[in-house]
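Colleague: Protein chains in written order, with the numbering used here: chain S, 15 to 237; chain D, 89 to 331; chain P, 312 to 573.
Take these hints with a grain of salt, some might be off.
Here are the computed lysine to aspartate or glutamate pairs in the EDC-like style, where the Cα-Cα straight-line distance is at most 20 Å [stated by the list, open to error]: (1) P/LYS485 <-> S/GLU138; (2) S/LYS194 <-> D/GLU188; (3) P/LYS485 <-> P/ASP392; (4) P/LYS485 <-> P/GLU337; (5) S/LYS152 <-> P/GLU398; (6) S/LYS152 <-> S/GLU138; (7) P/LYS459 <-> S/ASP153; (8) P/LYS403 <-> S/GLU75.
Don't read these hints as lab results, they were simulated from the structure. Just so you know, these numbers come straight off a predicted model, no measurement behind them.
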Amino acid sequence: MGGGTWDWQFTFEEVLPRLLDVVHVTILATLLGFLLAASLGLLFAIGRMSRNPWISRPLGEVVEFIRGTPLLVQIFFLYFILPDFGIVLPAFATGVVALGLHYATYCSEVYRAGLENIPRGQWEASTALNLSPFHTFKDVIIPQAVPPVVPALGNYLIAMFKETPLLSFIAVVELMQEAKLIGSEWFRYTEAITLVGVFFLVMSLIASVGVRRVERALRLPGR
Amino acid sequence: MRLAPRHIFLIFLFSFTLGIVVASFAGFRTFIPGLLRGAVVTVQLTLLGCALALALAFLAGFGKMSSIAPVRWLAVTYIEVFRGTSALVQLFWIFFVLPEFGIFLEPLEAGVLALGMNVGAYGAEVVRGAVQSVPRGQYEACTALNMGHWAMMRRVILPQAVVAMIPPWGNLFIELMKATALVSAITLTDLTFAAYQLNQTAVRTIEIFGIAMVIYYGLSQVIRYSMLALENRLARGLGRGRA
Amino acid sequence: MEPMVRFEQVTKRYGDLTVLDRLDLEVMPNEKVAIIGPSGSGKTTVLRMLMTLERIDEGVIHVDGRPLTHMPKNGSSRNGDLVPANERWLRKVRGDIGMVFQHFNLFPHMTALQNCIEAPIRVLGLSRAEARERAAGLLDMVGLVDKKDHYPAQLSGGQQQRVAIARALAMRPKVMLFDEVTSALDPEVIGEVLNVIRKLGEEHNLTMLMVTHQMGFAKEFSDRVCFFYAGRIAEQGPPAQLFGDPQNERTRQFLSAVLEAG
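One chain only, chain S, in its complex shape (with noise of 0.2 Å):
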């Protein structure tokens, strides 16, 4: 049933309303996976700057080692060791994990970027105020680090939209698979493939808009 034409009618019949059925997993998966790489790397990232060379130099090689191998093959190895460990999860949380993992050592890139952009005077007001570390960092430093970084983060957000595809390994059924089980199922796969593509140009557009928007509002007062 192939051909080299395209067949509109199958396009809108079939494709197209599966898809749209499991577009809010792809979704979802980026989203969350996107609130876990973002909090998790400002973790990374503050404990990299520790003073501590105990806690500062084996998360450094961590980090580095996590960045440093495909996202995929860190979604196997979580897919298949967890449950070893009695960690038994679904496939999409364990997708979500992998991503969130795997990204918030690109994003902790980003936020050590940024928090080494603070003048040294900050930290050193505030050490005169006697201001506790956490204070430190939560009040003063953060809130200077992160906006100017925002647009960094928002780019790494469009990427892991365009990863959420690696979740079709473990079988969770996002765009990339339900594009799979179409061609598998109609011998056909170029309406599904070229459908998907379509869908993360699109998505990627409006997250660009998205990111932006949330950088304008962030920009510093008084400025």
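Using the hints, position chains D and P against chain S.
Modeller: Using the frame of chain S, we list chains D and P on its own:
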């Protein structure tokens, strides 16, 4: 080369892996060869993919800067489409959709093509950025010396642009190497697929996937240090490079 | 009377460079000390170590009878055995000291008022209302209560520095440190900051150490002037004496160079 703590960590990691491998001697024979065969495929994909990515990136990067409108549009379309869609989608498209239009590719060819085109799109921006970062004054000096366009590009602009490109390209090469894992989807037995298959039969998840990750990490470090060495060599005399 | 601040054989090195060389310095309660000298003489380092921004290499610093850079071994304060202070001890004794910086270091994402209430709430445990009241009073004293809801970017350099002074005072320190606080200011606003410092000295019970290039102000305001050279105090004494009749050759050279520059 000084022995930094990270080197000590890497040596430790390597020895640890070696230790596990030796400790499970029976398993050693079962899965290490399979993993290594897969690693060879991964390296092949990486080398060929990076070569294609470089070529496409230069074409598209310069194409985007071209004064000829259709060339620009073609370049921009290529860049936006391949950056804005998922690498896996592109891989599937090349391997499953093209046959429906009569183009049949071997898994290896499809993998190289998909990865090369994907990373090439990101690389195009790197090339463009680097060429545009060469100071205006260099162009003006060439005009003052009455240098022809090609001579200027070849002898003055490109050498400087290339040096600026090396760190981001290093990152892209590592990204490409990590992306080779995707070819498991088209049943190409790379390191990841080999690990997956071996895990199905032997189910020694930690060892198999752990060693696979160590191999990937080792490859990424090889790329990183090669790039650093390359940059140091090329940056000699340019007053640039790592401090 | 016990000195409020006591440096005992304090040494600080940066690699091969000795910035402070077995410094002995005592400052009495309520005394106003001006520290002058060429750059690299160690004067800023004295303040920074007192504010625990730098670690000490040798010697001990005491504040109000308690060691600052060291702490009693095993928590007991009688047997005189001292070990380098840990973070917990530092947080306890640091509260006695406040500092105003050359580049103000105000928190740019907070208003003037918020800058002044942040530490009192977080560290002293004041309620928000109490902290605001105290901050408003201090901002009033420095003449900026009408700008309390302005952000630092909306204030001039002199105004920012005055807010910085109010912020430091909000913590009720016993010792106030001023690190070249007018060096980054335009000439026309230097006066307003110096006026605030003068008022502070007159109305409050504060021990003050000032690193400054404002010789006129130092002469008129301070009780004692210390001239630093190469990590040691080359000469010190009441301003009239040090400025009027310097004993040390280096002091004379420095003063003549400074006065020549205007």
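Colleague: Work down the list of hints and note, for each, if the structure agrees.
Modeller: Hint check results:
no.: 1; hint: P/LYS485 <-> S/GLU138; result: holds (19 Å)
no.: 2; hint: S/LYS194 <-> D/GLU188; result: holds (15 Å)
no.: 3; hint: P/LYS485 <-> P/ASP392; result: violated (25 Å)
no.: 4; hint: P/LYS485 <-> P/GLU337; result: holds (15 Å)
no.: 5; hint: S/LYS152 <-> P/GLU398; result: holds (19 Å)
no.: 6; hint: S/LYS152 <-> S/GLU138; result: holds (15 Å)
no.: 7; hint: P/LYS459 <-> S/ASP153; result: holds (18 Å)
no.: 8; hint: P/LYS403 <-> S/GLU75; result: violated (35 Å)
In this structure, the hints that do not hold are numbers 3 and 8, in rising order.
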